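Trainee: Please work from the sequences and hints to get the whole structure.
Residue numbers (the numbering used here), protein chains in the order written: chain A, 1 to 656; chain B, 1001 to 1126.
The set of hints was computed from the structure by calculation and includes no laboratory data.
Everything numeric in this text was worked out from a predicted model, so none of it was measured.
Keep in mind that the hints are not guaranteed to be accurate.
Pairs of lysine-lysine, DSSO-like flavour, derived with a Cα cap of 27 Å [what the hints assert, rightly or not]:
#1 A:LYS380 to A:LYS292
#2 B:LYS1100 to A:LYS483
#3 B:LYS1100 to A:LYS285
#4 A:LYS380 to A:LYS100
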Amino acid sequence: MLDSAMAALASLADPSLLLMLLIGTVAGLVMGLIPGLGGTGAVAILLPITFGMEPPQALALLIGALAVVHTSDTVSAVLLGAPGSASASVTMLDGYSMAKKGQAARALTLAFLSSMAGGIIGAIGLTLAIPLARPLVLSFASPELFMLTVLGVALAAVLSRGNIIKGVSAGLLGLVLGMVGTSPTTAEERFTFGSLFLGDGLSLVAVALGIFGLAEIASRASQRRGQKENISLGGGWGRGIREWLSHWTQVIRGALIGIWAGVLPGVGATAGTWLAYGQAVATAKDKRQFGKGDPRGIVGPESANNSVEAGDLIPTLLFGIPGGVPSAMLLGMLLTYGIQPGPSIITEHLDLMYLIVWSFAIASILGALFCFLSVKQLAKLTKVPFAVLAAGLVAIMLLGSFQEGGQLGDLWVMIILGVFGWLLKSTGFPRAPFLIGFVLAIPLERYYFLTDSLYNGLDWMARPGVLVFLAILILPIVWAFIKFLRARRHSNVDDGHRDERPEDDESQLKNSTWSLTAAGIFAAAFSAALISSASFSPEARLVPQLVSIGGLIFSGILLFTEIRTWLRTRTARVGWTLDAGFALKTFVWMTGFLALTAAFGYLVAVTIFIPAFLLVVARARLKTTVVYTLVLYVVLLALPSLLPIDLPQGWLNTLV
Amino acid sequence: MTVLVAYSPAAEGREALTTGITEALLRKTDLLIVNVGRGHHDLDPAEMQELEAQLHTAGLTLMIESSVLSDPGDAVIQIAQDRNVDMIVVGLRHRSMVGKLILGSTVQRILLDATCPVLAVRADRL
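Mentor: Here is the structure:
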């Protein structure tokens, strides 16, 4: 074990790996600064670049980015009071208060150092988990692995914030979407409607970038004004270091909470940081300074949000169930390389596991170092209005999702899912279970049929491992049900600790015609899946039908409650809001861009779309627009010769 | 000089409020209400005006405050420390051992963590 760990470290001396790790770290830092991207966006954008690489290089790049996304997202939270990701909004409470007192440097020192420590402790946690889980993982056979995949989707659905019924519906729809394509058991095509393109299944990058990336851009593109106020870092570097050293217990506690939040599927960085903040407040005797600039309010959460990403990797690599959205994509990547997480990664690819651990730890240190060195430049970057960034991001995301299959169809899928993702986001559906379901659909079905063919009837249910997982599956549901009942009877006013973040302000279209539409879409999709699966052969039919029946039940409940609130709120119903209009307009822009690409090719489309979007939507100055377009054009022109990337060709190009 | 009432829209919360008002009038101190209920169940505006008038005739003021902290127990203690209150009034009810173990208890946390005297009242008195 120690041998493989040292061998993995030695392999990092390979210049190509080190270079990838460095690129990943820098890319992760930049993406951490852009609001709304976070770990999900970072992995989704970098994933297409890795398609031509060997697994170690690809992992170094992705892990490097993932490890530091939460290091730089603090910068804008502290300096501007506008968090770069949802999880950094915790740091904003105390960090921005410190900055307003002219102690931004103190807050940033605390945050960077804690992020670094959180990353390192997370990597240590991942290392320790390998020998601990090894005997357990090696004892798993297909029944346990099947239960684990079910557990992965179910826990993600139940533990995600918000309504459980919404979570389960989203998870089940993700499963249905994941089954589009060739059935793993009978090799027949399902839900393809005779299309050759759908026969390969939907591309993971397209789905992830649509549901998360484009949806995020659409809901934020209305921010066309950057921060005008001047940013001063102030002093307090030395004080920050001293305070960080004196709060070392908070750092460790925060990191441990983060690892735990990461291990649980569906509990991501956001919930983890709020847990850490709640813990820091609860254990402090003097609570006066919290929210007004208490160092403990920065140290714990910052340490937690970096270790979450390492914690996410524990169930992903050892059991094959992703702990969060970024790791779900990582899992998808490993599967395309033919590396099966779970028992086989431990026996055959232990070196890769340790490479991930080392990359994570080294990137955490590098990330903090870069942040210290370049904090002034980073601070300037945060002043760029989001609408200006959005133009380039749309171009990059569409290019990225083209790489997996090289088909324009993937891009259409991505935009459609983008609209759907925006609808989910604004009506309060958790999106993590959707993506986790999408990734786990095929493994779930494969393990089920392996189990079914190896065991007689329900014998496999009696295996001790399966029973334990069943218990883990049922307990949170019972728990949630009890909490629901108590909330109903209003007998929960005294119920203990509430660490969750305060009321969600992201889903503004809850309980409106919009959410009714969303529920309707869910019900319609499940019915369609049920009807079209009737024509499959019995073996290919079983799992899709079970999933769609379950989905119909849950979305039926959802539709019922939505209709009830819809009828009740007849007068004060949220209809067409300004933000919704803007988001949909942004999608129209994206569609226009894609249509241009389909007609004239990608490069031509970029030269038309970027200046138009910048001038009309972002209302940028002419000079900015010209420089922006030129730089992007040159970069895109040079990109195919630097990286294994293809630019989409248009219909006209095929004529010439 | 203030008495802090941890108010929640339940029987024990009402009891805490009643006792808090009595205490404030008795001690001739201001009254500070912190809402610990889930969601935004603030006091009824009419009731609040009445309460404000009642305190005003005695020369006292009514304040309502909230905290950025999401845990109600922590919020109450933070405000109490911040405002340097004389006393916190909480309403409690019977909770089983298991209930407290699994779900926790806000009142218990206030009792244990507070740095000032706490007056605990029950709604179901004899």
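Trainee: Compare the structure with each hint and give your call.
Mentor: Each hint tested on the structure:
1. A:LYS380 to A:LYS292: holds, 25 Å
2. B:LYS1100 to A:LYS483: Judged against 27 Å, a Cα distance of about 14 Å means the pair holds.
3. B:LYS1100 to A:LYS285: holds, 22 Å
4. A:LYS380 to A:LYS100: Between A:LYS380 and A:LYS100 the Cα gap is close to 17 Å, so the pair holds against 27 Å.
Every hint, counting from the list given before, is met by this structure.
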